[in-house]
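2 protein chains.
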Amino acid sequence: MDYQPRPADVEFVLNAVLGATPRLSALAPFADFDTALQAQVLEGAARFVGEVIAPLNRSGDEIGCRFEAGEVHTPPGFRAAYQAFVEGGWPALAASPADGGQGLPAVLEAVLYEWMSGANHGLTMAPGLLHGAYECLRHHGSDALQQRYLSKIATGEWLATMCLTEAHAGSDLGQVRTRAVPQADGSHRVSGSKIFISGGEHDLTANIVHLVLCRMPDAPPGPKGLSLVLVPKMLDDDTRNGVHCERIEEKMGLHGSSTCVMRFDEATGWLVGEPHRGLAAMFVMMNSARLHVALQGIGLLDAAWQKADAYARERRQMRAPGPVPASRGTEAADLIAEHPAVRRILDTQRAWIDGARVLGYRTALMLDVAQHGDDAKARERAQRWCAIVTPVLKAACTQQGFLGASECLQVFGGHGYVREWGIEQVVRDARVSMIYEGTNEIQAIDLLVRKVLPDGGSAMSGVLIELRDELDASRDADADVQRRLAQLRYLTTSVAMAAHAAPTLPYEVADDYLRVVMLAMMAWAWARIDMAADGDARWSAPCAAFRRHALPEFDMRLGMVKRACEAVTAAPAATA
Amino acid sequence: MDYQPRPADVEFVLNAVLGATPRLSALAPFADFDTALQAQVLEGAARFVGEVIAPLNRSGDEIGCRFEAGEVHTPPGFRAAYQAFVEGGWPALAASPADGGQGLPAVLEAVLYEWMSGANHGLTMAPGLLHGAYECLRHHGSDALQQRYLSKIATGEWLATMCLTEAHAGSDLGQVRTRAVPQADGSHRVSGSKIFISGGEHDLTANIVHLVLCRMPDAPPGPKGLSLVLVPKMLDDDTRNGVHCERIEEKMGLHGSSTCVMRFDEATGWLVGEPHRGLAAMFVMMNSARLHVALQGIGLLDAAWQKADAYARERRQMRAPGPVPASRGTEAADLIAEHPAVRRILDTQRAWIDGARVLGYRTALMLDVAQHGDDAKARERAQRWCAIVTPVLKAACTQQGFLGASECLQVFGGHGYVREWGIEQVVRDARVSMIYEGTNEIQAIDLLVRKVLPDGGSAMSGVLIELRDELDASRDADADVQRRLAQLRYLTTSVAMAAHAAPTLPYEVADDYLRVVMLAMMAWAWARIDMAADGDARWSAPCAAFRRHALPEFDMRLGMVKRACEAVTAAPAATA
Numbered sequence: 001m002d003y004q005p006r007p008a009d010v011e012f013v014l015n016a017v018l019g020a021t022p023r024l025s026a027l028a029p030f031a032d033f034d035t036a037l038q039a040q041v042l043e044g045a046a047r048f049v050g051e052v053i054a055p056l057n058r059s060g061d062e063i064g065c066r067f068e069a070g071e072v073h074t075p076p077g078f079r080a081a082y083q084a085f086v087e088g089g090w091p092a093l094a095a096s097p098a099d100g101g102q103g104l105p106a107v108l109e110a111v112l113y114e115w116m117s118g119a120n121h122g123l124t125m126a127p128g129l130l131h132g133a134y135e136c137l138r139h140h141g142s143d144a145l146q147q148r149y150l151s152k153i154a155t156g157e158w159l160a161t162m163c164l165t166e167a168h169a170g171s172d173l174g175q176v177r178t179r180a181v182p183q184a185d186g187s188h189r190v191s192g193s194k195i196f197i198s199g200g201e202h203d204l205t206a207n208i209v210h211l212v213l214c215r216m217p218d219a220p221p222g223p224k225g226l227s228l229v230l231v232p233k234m235l236d237d238d239t240r241n242g243v244h245c246e247r248i249e250e251k252m253g254l255h256g257s258s259t260c261v262m263r264f265d266e267a268t269g270w271l272v273g274e275p276h277r278g279l280a281a282m283f284v285m286m287n288s289a290r291l292h293v294a295l296q297g298i299g300l301l302d303a304a305w306q307k308a309d310a311y312a313r314e315r316r317q318m319r320a321p322g323p324v325p326a327s328r329g330t331e332a333a334d335l336i337a338e339h340p341a342v343r344r345i346l347d348t349q350r351a352w353i354d355g356a357r358v359l360g361y362r363t364a365l366m367l368d369v370a371q372h373g374d375d376a377k378a379r380e381r382a383q384r385w386c387a388i389v390t391p392v393l394k395a396a397c398t399q400q401g402f403l404g405a406s407e408c409l410q411v412f413g414g415h416g417y418v419r420e421w422g423i424e425q426v427v428r429d430a431r432v433s434m435i436y437e438g439t440n441e442i443q444a445i446d447l448l449v450r451k452v453l454p455d456g457g458s459a460m461s462g463v464l465i466e467l468r469d470e471l472d473a474s475r476d477a478d479a480d481v482q483r484r485l486a487q488l489r490y491l492t493t494s495v496a497m498a499a500h501a502a503p504t505l506p507y508e509v510a511d512d513y514l515r516v517v518m519l520a521m522m523a524w525a526w527a528r529i530d531m532a533a534d535g536d537a538r539w540s541a542p543c544a545a546f547r548r549h550a551l552p553e554f555d556m557r558l559g560m561v562k563r564a565c566e567a568v569t570a571a572p573a574a575t576a
Numbered sequence: 001m002d003y004q005p006r007p008a009d010v011e012f013v014l015n016a017v018l019g020a021t022p023r024l025s026a027l028a029p030f031a032d033f034d035t036a037l038q039a040q041v042l043e044g045a046a047r048f049v050g051e052v053i054a055p056l057n058r059s060g061d062e063i064g065c066r067f068e069a070g071e072v073h074t075p076p077g078f079r080a081a082y083q084a085f086v087e088g089g090w091p092a093l094a095a096s097p098a099d100g101g102q103g104l105p106a107v108l109e110a111v112l113y114e115w116m117s118g119a120n121h122g123l124t125m126a127p128g129l130l131h132g133a134y135e136c137l138r139h140h141g142s143d144a145l146q147q148r149y150l151s152k153i154a155t156g157e158w159l160a161t162m163c164l165t166e167a168h169a170g171s172d173l174g175q176v177r178t179r180a181v182p183q184a185d186g187s188h189r190v191s192g193s194k195i196f197i198s199g200g201e202h203d204l205t206a207n208i209v210h211l212v213l214c215r216m217p218d219a220p221p222g223p224k225g226l227s228l229v230l231v232p233k234m235l236d237d238d239t240r241n242g243v244h245c246e247r248i249e250e251k252m253g254l255h256g257s258s259t260c261v262m263r264f265d266e267a268t269g270w271l272v273g274e275p276h277r278g279l280a281a282m283f284v285m286m287n288s289a290r291l292h293v294a295l296q297g298i299g300l301l302d303a304a305w306q307k308a309d310a311y312a313r314e315r316r317q318m319r320a321p322g323p324v325p326a327s328r329g330t331e332a333a334d335l336i337a338e339h340p341a342v343r344r345i346l347d348t349q350r351a352w353i354d355g356a357r358v359l360g361y362r363t364a365l366m367l368d369v370a371q372h373g374d375d376a377k378a379r380e381r382a383q384r385w386c387a388i389v390t391p392v393l394k395a396a397c398t399q400q401g402f403l404g405a406s407e408c409l410q411v412f413g414g415h416g417y418v419r420e421w422g423i424e425q426v427v428r429d430a431r432v433s434m435i436y437e438g439t440n441e442i443q444a445i446d447l448l449v450r451k452v453l454p455d456g457g458s459a460m461s462g463v464l465i466e467l468r469d470e471l472d473a474s475r476d477a478d479a480d481v482q483r484r485l486a487q488l489r490y491l492t493t494s495v496a497m498a499a500h501a502a503p504t505l506p507y508e509v510a511d512d513y514l515r516v517v518m519l520a521m522m523a524w525a526w527a528r529i530d531m532a533a534d535g536d537a538r539w540s541a542p543c544a545a546f547r548r549h550a551l552p553e554f555d556m557r558l559g560m561v562k563r564a565c566e567a568v569t570a571a572p573a574a575t576a
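Quick note, the sequences are listed as chains A and B, same order. Taking UniProt numbering, the leading residue of the first sequence gets 1, the next gets one more, and so forth. Taking UniProt numbering, the leading residue of the second sequence gets 1, the next gets one more, and so forth.
So here's chain A without its partners, still in its complex pose (with noise of 0.2 Å):
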């Protein structure tokens, strides 16, 4: 069974709980988008990832990925897919129409990947990057630069690569040692070697783009010493640059994207932005890459429920407890989605998927308001919001898109671990996630170290006022999210003051930390649901889950920090 999108559950997540077109058609450049042009996009969205991209999604993870004589052979209907998305417009879905794009929100192109995600990881991985590339380029590129590479990475004509990590330097960017030596003609002798390069090569387009981290020979050391210079594979005289692909990784799986090891022998490049600042250059694409790095997460849950459900409802084994169910008919057993143990699975599975969606596709209006707002005040709210929670998302969506597509195998017994159901591969493919874009642990650095507690939990503050004013506390529901909201503003200030005695017990306590924020707004996600739904079965069951099942660990991970706190604050002197 193929992974197949299913628009009408996110079209109620859009419309009837973000209430997302009205707020799009606020913003200039989306002045004529409605829910008509919407459910098109996403139809269309979905028919070309059902029919196009989830058929080659076993193939691609047996078969995989080929290398031979420095090339790599991406499986077998690959490019032909490649091909087909590039010419249905869809890498250019949001990119700018003054650079070949169909200027379309951001968020419809987080759900187009969400789905890509979920029919096919391996294939997704290729225009992953092209994205952010656009973006780095657009905001950072010289025009000489722009006019080169910008419409043919925007129509996702070439591909790109994004080329930081070294063998000695992974979460460490400031120990990278590759070499960008000026050049008198104004370009740049590239050296040295990358490893984990996500499509460093292939055979999808003639030509790819690689953004290499580097550093220039009167670098600083460290992080603010490293600039970032593009080096495309093929030169404009249609020559063979210096890149070379080394070999490609034996992987636990998504095998139908190359992982490469690169080396750069002065190959030529040209600098994206200005010296010494590329880190700077590559953060513009942080958010919204790591956004889609948790939509991953969503979308390879999801892919793992639909099998797990399918299954369930086809496959009897002994009586379930209570009631006669009325599928037992005549039958001697009962359907496993009938058993308690079964349903409980699929039940808390789908509240996660739900409820995560709200949360990022709620970011990525955000990423559409902090472009297009045409008020400085909400451009800023919306750049707040991104902030705070994208590392949240990050995080807590690719660790349920693994431990929740393991879930979902467990639902179908013995047959879970062989390959025949595909639901192993959804697994295996999950579990990626978690790491690269910056591994969960340094997202949950990076939401309490570098984004929560240097302004004193100001910021968390606005973002967690922001959610509390879209709650009506007459709802009992309601009430108990803001409560929830509360506690945790609490929290904040806690750590915040324990910060000042043991400067350590942030780094010790961040991924409880980022746990709570994630389920009070998982929470409050299911409260707007529950408010939209009026009562409607399809969401009361995994609201219900959600409730009983995932929502019990706010209340652990809360204690968890606050006794963190309290021992230090207990001892002051012990730690600082």
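Some clues are possibly wrong.
Heads up, simulated SDA-like pairs for lysine to any residue below, C-alpha to C-alpha not over 20 Å straight-line [said to hold, decoys possible]:
id : chain 1 : residue 1 : chain 2 : residue 2
1  : B       : K562      : A       : M556
2  : A       : K562      : A       : D476
3  : A       : K224      : B       : E331
Listing some non-contacts, in silico: residues in chain A with all C-beta distances to chain B over 10 Å [to be verified]:
id : residue
4  : P275
5  : Q371
6  : E420
7  : E553
Calculated directly from the structure, the hints in this document are not laboratory data. Please read all numbers here as calculations on a predicted model, not as lab measurements. C-beta: ideal position from N, C-alpha, C; glycine also.
With chain A held as given, fit chain B onto it using these hints.
For chain B alone, coordinates are given in the frame of chain A:
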């Protein structure tokens, strides 16, 4: 880096924490057993596992078992390693000397299998089913069958399988259709198809003895009509029996073990035990088989931990927060082992391994007592312990084996996702143990619905009192554990009462209830370790990590079960 058993850690648990030797030497067959013999056996086992079994793990995964024209070829080296295993007398470690065994305690066999699973899960599957088959045959086989098969199986000269599952009958064995037709000579003709048969076919031994669950023509429907029939691959006259391997499964992991689809085609077999009493014959080996699966979880987690620990002591990334660690020296970046997020993973997983060992080895000791105790009361108490604790350990240790291995993978960052470091194999291999030998959801139901509730919680109370009596309430930590044990006792009563009003409730809370039991027992285990360790730093970091990061789940799950009970008692007629 291959897995390497560390006997000192295990001996500390056996001697200092559990006082195993005096308990064992009080049993007649082990009167001469002492710590010196124990140390000798463990040293020998550690050497054998480290030198012979562990080095084949990687190639066992990558090459895997191959299926060709009905034959299964195990990976290179497996045959020789298995031969060495047999020649070393390891399969017969705990078998009776009368059957060619060494008559050592089950607890040593438990340690051996934990280590072997950590070293090479795939290869360990082969002899993993021997012990169950041995016990089954010893208790239920006719004299003639015992004569022909018992010592061959005890010594591992022939391997054995359990043929239970059919395509439509997984957790629901009542649906088994394989037929056994009695013949005039007392034999049976067996026909039918079985799936998921571990080691159903291979090249390790000259014969393979299948214990097949089937249905005789006059059998009542459902699980009470199942009979157990022994069907050898080779008959006494050295002709091939009608037993065929149709294919082997492609799996997520465990590639070193063949998972076979077996067809029995008028195969000759002999009844084991009474007609229609096949399940009873099989249940003889259930506790020890489930305990071995729990130990697989511990072994695999230890393997993952060893890899992550070694990597974290070598890899340097960024400065750790807080005081300068001694390991910094003149380096710019610190060992990742110094970073709180990594430290937390390593210490918490270590805590699961050490605590679970205390519980696992104690349960193995109870298997020895249940079998050899000369006091009927003591035997009964030991039996009760095994009945209650085994499903808890099977579910909790295999879950931690998978989730904890995935945490350890995270320590490697991107390097964890590629094959090279071997950690992703551990995650893939570990996943299966949450499914087989009864899924973890079925363990939870077994615990609560079949073991705890039928006697109104009295057996569970008995176990809790045993635990309490071994605590020292004058110690703070022990008093905290006492409080938790009492909470669990009250909880059990609440569930029993609520179950009257709502018969489906136990099925809904079974997973949470099992977690409460596991965490209470883990708290007990760590109180015991803490007392025995007397401040030794080897044990104090995981002890602190357990209390800080793992134990808070106790209150969370307790609350979840409590609220579910309260909801039912508040509306007694709703689901009754």
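Checklist entry - Straight-line Cα separation of K562/B and M556/A no greater than 20 Å? => result Judged against 20 Å, a Cα distance of about 15 Å means the pair holds.
Next on the checklist: The output says Q371/A does not contact chain B. Does that hold with a beta carbon cutoff of 10 Å?
Outcome noted: 31 Å, holds
Checklist entry - Does E331/B lie within 20 Å of K224/A when you go C-alpha to C-alpha? => result Holds. K224/A to E331/B sits at ~19 Å (cutoff 20 Å).
Checklist entry - Beyond 10 Å from every Cβ of chain B: is that where the Cβ of P275/A lies? => result 22 Å, holds
Item to check | Assertion that E553/A lies farther than 10 Å from chain B (Cβ) | outcome: About 7 Å separates E553/A from the closest Cβ of chain B, which leaves it inside 10 Å; violated.
Item to check | Distance rule for E420/A, whose beta carbon must clear each one in chain B by more than 10 Å | outcome: 8 Å, violated
Checklist entry - Can the restraint linking K562/A and D476/A be considered satisfied, given a maximum Cα separation of 20 Å? => result 26 Å, violated
Hints 2, 6 and 7, counting from the list given before, are not met by this structure.
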